[in-house]
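Fit chain U to the known structure of chain E by using the hints.
Each protein sequence line maps, in turn, to chains E and U. To convert, note that position 396 of the first sequence is 645 in the numbering used here; the numbers rise steadily by one, no gaps. To convert, note that position 504 of the second sequence is 753 in the numbering used here; the numbers rise steadily by one, no gaps.
Rather than coming from a laboratory, the hints here were simulated on the basis of the structure. A hint or two may mislead.
Put simply, identical chains are the same to the list, so a pair is met inside one copy or across any two.
Stated by the list, open to error - Listed below are the simulated BS3-like cross-link pairs for lysine-lysine, each with C-alpha atoms no more than 27 Å apart in a straight line:
| hint | residue 1 | residue 2 |
| --- | --- | --- |
| 1 | Lys417 | Lys755 |
| 2 | Lys357 | Lys417 |
| 3 | Lys649 | Lys608 |
| 4 | Lys270 | Lys492 |
| 5 | Lys423 | Lys356 |
| 6 | Lys313 | Lys798 |
| 7 | Lys755 | Lys305 |
| 8 | Lys270 | Lys495 |
There are 2 protein chains.
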Amino acid sequence: MKIALAQNNYHVGNIEANTNKINEQIIKAKKHNADLVIFSELAICGYPPLDLLEQKSFIEKSEKAINNILMHVDNIAVIVGAPSINADPEGKKLYNSAYVLQNGQIKKIIHKTLLPTYDIFDEYRYFEPNETPEIVEINGHTIALTICEDLWDEQPVDQPFAQTRLYKKAPMKKLVGNNPDLIINIAASPFSYNQEQKRKGILKRNAHDYQIPLIYINQVGANTDLIFDGASKVLNTNGEIVKQLKRFEEDFEIISLEKIEKQGPTTHNTSDSRIKQIHDAVVLGIRDYFEKSGFEKALLGLSGGIDSALVAALACEALGAKNVHGLLMPSEFSSEHSVSDAEKLAINLGMPHQTLAIKDVYNAINKSLSPVFPNNTFDVTEENIQARIRGLLLMAYSNKHGNMLLNTSNKSEAAVGYSTLYGDTNGGLSPIGDVYKTDVYAVSRYINRNEEIIPSGSIEKPPSAELRPEQQDSDNLPDYDILDRMLFEFIERKQSVDDLIGMGFKKSDVLKVTHLVNIHEYKRYQFPPILRVSSKAFGMGRRYPVVAKF
Amino acid sequence: MKIALAQNNYHVGNIEANTNKINEQIIKAKKHNADLVIFSELAICGYPPLDLLEQKSFIEKSEKAINNILMHVDNIAVIVGAPSINADPEGKKLYNSAYVLQNGQIKKIIHKTLLPTYDIFDEYRYFEPNETPEIVEINGHTIALTICEDLWDEQPVDQPFAQTRLYKKAPMKKLVGNNPDLIINIAASPFSYNQEQKRKGILKRNAHDYQIPLIYINQVGANTDLIFDGASKVLNTNGEIVKQLKRFEEDFEIISLEKIEKQGPTTHNTSDSRIKQIHDAVVLGIRDYFEKSGFEKALLGLSGGIDSALVAALACEALGAKNVHGLLMPSEFSSEHSVSDAEKLAINLGMPHQTLAIKDVYNAINKSLSPVFPNNTFDVTEENIQARIRGLLLMAYSNKHGNMLLNTSNKSEAAVGYSTLYGDTNGGLSPIGDVYKTDVYAVSRYINRNEEIIPSGSIEKPPSAELRPEQQDSDNLPDYDILDRMLFEFIERKQSVDDLIGMGFKKSDVLKVTHLVNIHEYKRYQFPPILRVSSKAFGMGRRYPVVAKF
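With the rest of the complex left out, here is chain E (with noise of 0.2 Å):
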């Protein structure tokens, strides 16, 4: 039986483009005489479909479409993934379905049974769960089909308190009583940089101990702040990843099911550092965010630090250098290094930018002040000035000009609220606010890996806001090596501040740092959405009480 892989690049919502890019695929999968053709979970309406689901015309539009794709299916069978209404007026309202057309025929909806409801997935806030697996027969062979999650029944966790088993069930134990010739998984699985790593394992584990050859869609491309990244595989009995498709990339493939087991693990690297992997999604989520909300052109604060300049390095990569804008807005407080690192930098990238004068306005807004200001003391009020004028100006010319803003907060500053709200925390979306501070120096490294790009002043000055005279980061907070590690531990694993003084981490910092993190809640709440590249970012799959005390 020849298998075409379909791994595809959907828009959420847009029903109509997704059903094209199915039928264009079926309709060369035909050409390749395959004689099944498998798409992702939930590919009709893209993932993560969110609250769309609850709107009955959502529903029927999903429905038309499976209509619409049957279509094109005569001599070829069609997995894809869609919603289904749930016939039973007892639970919830749809399942999230695989459905097998063949004939022109929808032949079987098969539903999924483990539905991920934790970190970024509320699938049970919408799907009822299956609780009959059920095989499906294609040209003679037996298929164990499965959507995503149902292959996880068992799972590593990031954190100790967690658990490795979240169901009751494992679909897979039943339906290997079916004797399956092979397990397909239809899935929507997002980008962490441990992600395939977790994956791969949770694969090569179903494979071998069930002795089934084994084949796995993902969908590619960022929905708002989550990134796929595509890696669909074919694996076979010894657990061995026998083809791959491309990563942060749409790929198609054509299989042979009786050639898997003939073959030996692909030479086809499967493996990219962190920091690669982390450089490709945030390139690949800008992009996406870019193409898919209808803007060419993007625009951020040059500073001539390190964040801004990777941000901006990140943005020409995804959308060119001639859409990405720079503004330079110095302060008294800004070096002369700075300013020239910020020119360099947009010479480097080759993209536009210009220099915008925030003196006046600075005096000017002080002087409206003074009535309620009597005392005309500087302090972090004023520090914060600065930093609105500027965000006021990058919207304004976003305004006149519709570049949208790119915000360059990174994942540090976001944990322990450096930073001013409606200042440097505007922007359109969130580029590196799930990459701390010390990645940050490693992916601009990475970028400048052939030549320098990102000057090496902004790489090697001390971080500063520059919002005072002779501000340094490190005044407030530890140096960023210890800072970051404690955030890890305290944010991606949960551990409490007992756990992390026993790691040997200061208590002072652990008490000064922990407590930084709690109490800005307030600020992140109103963070534009941060693309997602580890196991916990901020944004929806982190969900804190604004007004807690803990």
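Just chain U now, with coordinates in the frame of chain E:
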């Protein structure tokens, strides 16, 4: 059996304060010779604890709190809600539990069966559903002890496409087999203006259909965006409410189980008008947000319009007029009436207020932008600049003096994106972001029920952002009575474009308004927390993809 009903205001995460409150009430109940005292769902940690539940130290602290409470449990039984650990290695880590404490010991832990996972609820994110509902014996009485949603196996829904039976189980149907004398339901049921009516229906149906008296204990007080209205109840087997505790306030009552059946319906007023409910809820929401986040003083911009006038009046009720500071920042487009109405309001309320000039700042900004705005045209950019100058000045005041800025957007504006991001969307809390404009007028009239507090000028003049000459909201939008009805059907009831046209709304209005709602998800993503007063508020209860096309 004498039963004490303890309706408390808990602070999420503040286990120590919550435990102290619980212990005080146990002591009080003992003084009244109560045999049993009942606290609400997750009382130990406050509702909703969100991802704090994923921290081991949080669960350990909660377990220690139970041990602390046990020291007070001698001649009295206690029912109190808290998380408990699932000992099974399969399934979610925790249960949402009701601890039954007696004779210094944990007598039983009952787990919640039906886990709401929709709108603002995410309980399956954290909790394993109970499989085996059990009864509890206390002092010879057989009690069906249920937790909130456990009685909501069948529920009224606002949206025609939603299911009325979200679960395949109904705990009471099992429990009734043990012939309980009493149903106890401990709850954390958030307020919306139509929730109390739904709740009464559910409670009446359970008490009446099973012919068992029912005691319902709800949380009171607000945690971030969610307001809990209390209104705990006792019902007889006719389904009549024989006792109701206060709404929007802490309360404590002692009842006799044996007397429930002898009592007729309470004469206590149990139904307020929708507008009064919204008013009371928002006042409580503001007060608790400030108190629980450690702020005393508020700040807002007074434009002379109805929205800022209403927020000022509500904030003065919540915090005291001396703690609410108003800044007037008129521009050249502000009418004379606007300034005089804003001043009149501040005087009527007795709140401090000052006036700041924005013209010089505006000119300085335009000058700063001149290198990148060569044509010097006036468009929406310049409108936004004015709004952002005001936002900047307000935040500077907030930073310098420690007043938390209140956002003054209403739900109609938030829906259609009629606001300036980082301008009038600024604030730590949005008190009326879930109140449609027509209800803003109605609540304002309610505030003026005895005397004119909000100037009639603010109520009667045509709504305008006053960001360009002669601007009126109706230039771009249908009149608010039409707009709000349409938005309600689209947002709360999830009706489609075709449904709306079928209901008689003008097609061009429907297309324009639904498009505006859909494209402004990015603005709402960065909104402050919005106090929830309806069944579908913007915020955590409504999750739409930012880059979706639909």
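For each hint, the structure was consulted:
Taking the shortest Cα distances, lysine 417 and lysine 755 never come within 27 Å of each other, neither inside one copy (41 Å) nor across copies (51 Å). Taking the shortest Cα distances, lysine 357 and lysine 417 sit within 27 Å of each other both inside one copy (25 Å) and across copies (24 Å). In the homo-oligomer, the alpha carbons of lysine 649 and lysine 608 lie at most 27 Å apart both inside one protomer (22 Å) and across protomers (20 Å), since each shortest distance falls under that limit. Taking identical chains as interchangeable, the C-alpha atoms of lysine 270 and lysine 492 lie at most 27 Å apart only when both belong to the same chain, with a minimum of 23 Å there against 61 Å between chains.
Only within a single protomer do lysine 423 and lysine 356 lie at most 27 Å apart by alpha-carbon distance; the minimum there is 21 Å, versus 39 Å between protomers. For the identical chains of this complex, lysine 313 and lysine 798 are inter-copy neighbours only, at 17 Å across copies versus 49 Å inside a copy, given an alpha-carbon limit of 27 Å. In this assembly of identical chains, the alpha carbons of lysine 755 and lysine 305 lie at most 27 Å apart only when taken from different copies (21 Å versus 55 Å within one copy). Only within a single protomer do lysine 270 and lysine 495 lie at most 27 Å apart by alpha-carbon distance; the minimum there is 18 Å, versus 58 Å between protomers.
Of the numbered hints given earlier, the model fails hint 1 alone.
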